[in-house]
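Each protein sequence line maps, in turn, to chains A and B.
Letter by letter, the first sequence follows residues 130 to 502 in the working numbering.
Letter by letter, the second sequence follows residues 130 to 502 in the working numbering.
Keep in mind that a hint or two might mislead.
As the list claims (entries may be wrong) - Here are the simulated EDC-like pairs of lysine to aspartate or glutamate, each with C-alpha atoms no more than 20 Å apart in a straight line:
{"no.": "1", "chain 1": "A", "residue 1": "Lys453", "chain 2": "B", "residue 2": "Glu202"}
{"no.": "2", "chain 1": "A", "residue 1": "Lys483", "chain 2": "A", "residue 2": "Glu147"}
{"no.": "3", "chain 1": "B", "residue 1": "Lys199", "chain 2": "A", "residue 2": "Asp427"}
{"no.": "4", "chain 1": "B", "residue 1": "Lys453", "chain 2": "A", "residue 2": "Glu202"}
{"no.": "5", "chain 1": "A", "residue 1": "Lys199", "chain 2": "B", "residue 2": "Glu202"}
To be verified - Example chain A residues on the side facing chain B (calculated, C-beta under 7 Å, incomplete):
{"no.": "6", "residue": "Gln166"}
{"no.": "7", "residue": "Ile200"}
{"no.": "8", "residue": "Phe210"}
{"no.": "9", "residue": "Ala454"}
{"no.": "10", "residue": "Leu458"}
By construction, these hints were calculated from the structure, which means they are not laboratory data.
Positions of the beta carbon are idealized from the N, C-alpha and C atoms, including for glycine.
Number of protein chains: 2
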Amino acid sequence: MALALKITAKCGSARAGEIHTSRGIIETPAFMPVGTQGTVKAMTPEELCEIGAGIILSNTYHLYLRPGTKIIEQAGGLHSFMHWDRPILTDSGGFQVFSLSPLRKIEEQGVTFRSHIDGSTHFFSPEKAIEVQNILGSDIIMPLDHVVSYPASYEETLEAMERTVRWARRSKEYHRHNQRAEEQALFGIVQGGTYEDLRERCCSELINMHFDGYALGGLSVGEPKETMYHILDKTVHLLPPEKPRYLMGVGSADALVEGVSRGIDLFDCVLPTRIARNGRVMVPEGYLTLRNAEYTHDMRPIDPECSCYTCRHYSRAYIRHLLKANEILGVRLTTYHNLYYLTGLMHGMRRAIKENSFGQFYKDFWAKYNPGH
Amino acid sequence: MALALKITAKCGSARAGEIHTSRGIIETPAFMPVGTQGTVKAMTPEELCEIGAGIILSNTYHLYLRPGTKIIEQAGGLHSFMHWDRPILTDSGGFQVFSLSPLRKIEEQGVTFRSHIDGSTHFFSPEKAIEVQNILGSDIIMPLDHVVSYPASYEETLEAMERTVRWARRSKEYHRHNQRAEEQALFGIVQGGTYEDLRERCCSELINMHFDGYALGGLSVGEPKETMYHILDKTVHLLPPEKPRYLMGVGSADALVEGVSRGIDLFDCVLPTRIARNGRVMVPEGYLTLRNAEYTHDMRPIDPECSCYTCRHYSRAYIRHLLKANEILGVRLTTYHNLYYLTGLMHGMRRAIKENSFGQFYKDFWAKYNPGH
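Could you put the whole structure together from the sequences, leaning on the hints where they help?
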């Protein structure tokens, strides 16, 4: 068993727990910072530990294309290559193949795609995606899935969901015979777009295959948030409670709170690091856009209540100056703050669940938060 | 007295000492990392301390244009604005006005120039340059000087040198009546291009004005290194031994060693941080260009003998991957290494001077170093 979840507290549908892995314990619910290319943009591993990240996500698609699996294999795996010894989850590349590749051809055997870097042609099958992740040596791996864009017709979504299920079976079968099966947990990815019945069918098919955890894919891809929450309401309770539940690609504070309230354990998203590079920072009230002129003379920290490195030492005016002058330190400081903010939010939710006060936490959060801010 | 130099050891012309300032002691000879826009590119102040930087340099010209003195004044000065509590030396803007400004008009009263950022017109007089540095609150300030490019005729160099002397006198006079005169040391800048007699005359004129230290300006601007060393040979011994000597704009390992061997105490240069951003790193043998294909599979650290953060945890292959993928961490790691390398080199020279073995240090350095490497 590569992974075991221990639920330590529940409060309504929200749950707190510990995912035990050979590289340590991940306290849940947890947000996973994204290290697309084998680095969480602008951060060192030590800073991520300081911030409190218990696990990060990295991208099979990107690492396969650059620097390539041979180099990472020579380095002794991704952990050693990037100097990170806590758990790593790698996605399968499915989402990237369907969103980044300029040309792709989907067949039952797998998907042929062009590299977004140099245009070269590549082929990923479910087996290949597992094989690459075996070489990366990540702790949680994902099967290749067929992601549809939003909106998608019922027929298109059905076909992609059914293929996702068939590919999940092949992935499981291939991984079972792999020598690293005992070290690497394999999750199933639930697809089915915004169609409740397709989501339900997909859940039921995947659960019969007994994955180590279940991810909800194909959400937060453009649909209204209410639609996503509705799908969560219809889906999460179908998943086996003793297995981790992972909502893919979600990282805004409000969606994390809503996700946790519905029983999600894991999240990942480029949002906090991506907006940080544009000078947008997360605060309890929503967001600040530090490049705006209103912060020119603002000597307050980003968030006076925040105790992160950035907020302890730097003013909005200084960070704005750095961003305007294209100084790397500006991006470092905003990235640090955003990841600290989300990690702190998850920590607060874990505590509230354990103290049986998640309802109050939820109310307090929404009393301050205004996404239009 | 804003500053006092205590020479603790000599070895030939090389000397080791301590510059005592109200913000602490600077051990010399020292290399000053450059924080042009109020940040040493890609580094935090804590990292600079960890690396061993005792003083940094910042640019009056850049800070005056962006974010402007008003914001830095509101922040309580540059130290507080940028969260750095060790000494800061600010240059006068002379070099930048003469090298960066697209249009400039030099008159006896001062120099009118256009901002390289937005094209707006500004006027710097010697008095204005001191006033701006008073607001910045740096520990060592520099007078406005007239810098000529290389090569320059004798007549042009003479005229610029004489103006530099007149402007130095006005700067001294203005600074003397300033309320911060006791906190801020003012150096004189020796100009005179590559003409020995002009350098000598400039030294003698400035020494009569009793500055707190003396800088050699207008070198390392394109002339052959041998010419620079020749000017140092003819000039350094003219400077009062009890005052700090600062060679402006020099930061290659070989020039630091040659400068120290001739009795220089302080250096600054963008070289280590600038080349780091291009993936070029300093090693005892010279330089490595990490973007080169030869490092694709190279699992060794940048310098196996180096004990810096970068060399303790990351391979050339990983850093090359980061640089090729335009990841900020790549630039952070190369910048950290280069500054650590130069700071270590200075530390080694200080120790060798104190142990009376600088001659051996010099021989050992040149036995390994090959700038064409």
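Now the hints, each set against the structure:
Among the hinted pairs, Lys453 (chain A) with Glu202 (chain B) is consistent with the structure: their alpha-carbon atoms are about 19 Å apart, no more than 20 Å. Using a Cα cut-off of 20 Å, the hinted pair Lys483 (chain A) and Glu147 (chain A) holds, with the two alpha carbons roughly 12 Å apart. Taken as a hint, the Lys199 (chain B) and Asp427 (chain A) pair is honoured in the structure, with Cα atoms around 12 Å apart against an allowance of 20 Å. Straight-line distance between C-alpha atoms of Lys453 (chain B) and Glu202 (chain A) comes to about 19 Å, which keeps the hinted pair within the 20 Å bound.
Only pairs whose Cα atoms come within 20 Å are accepted, and Lys199 (chain A) paired with Glu202 (chain B) is rejected, the gap being roughly 54 Å. The beta carbon of Gln166 (chain A) comes within 5 Å of a beta carbon in chain B, closer than 7 Å, and the hint placing it at the interface holds. Of the supplied interface hints, the one on Ile200 (chain A) holds, with its beta-carbon coming within about 6 Å of a beta-carbon of chain B, less than 7 Å. A distance limit of 7 Å between C-beta atoms decides the matter here; for Phe210 (chain A) the minimum to chain B is near 6 Å, and the interface restraint holds.
Hint status for Ala454 (chain A): holds, given a least beta-carbon distance of 5 Å to chain B, under 7 Å. The closest approach between the C-beta of Leu458 (chain A) and any C-beta of chain B is roughly 5 Å, which is under the 7 Å cut-off, so the hint is satisfied.
Hint check: a violation occurs at hint 5 only; the rest are consistent with the structure.
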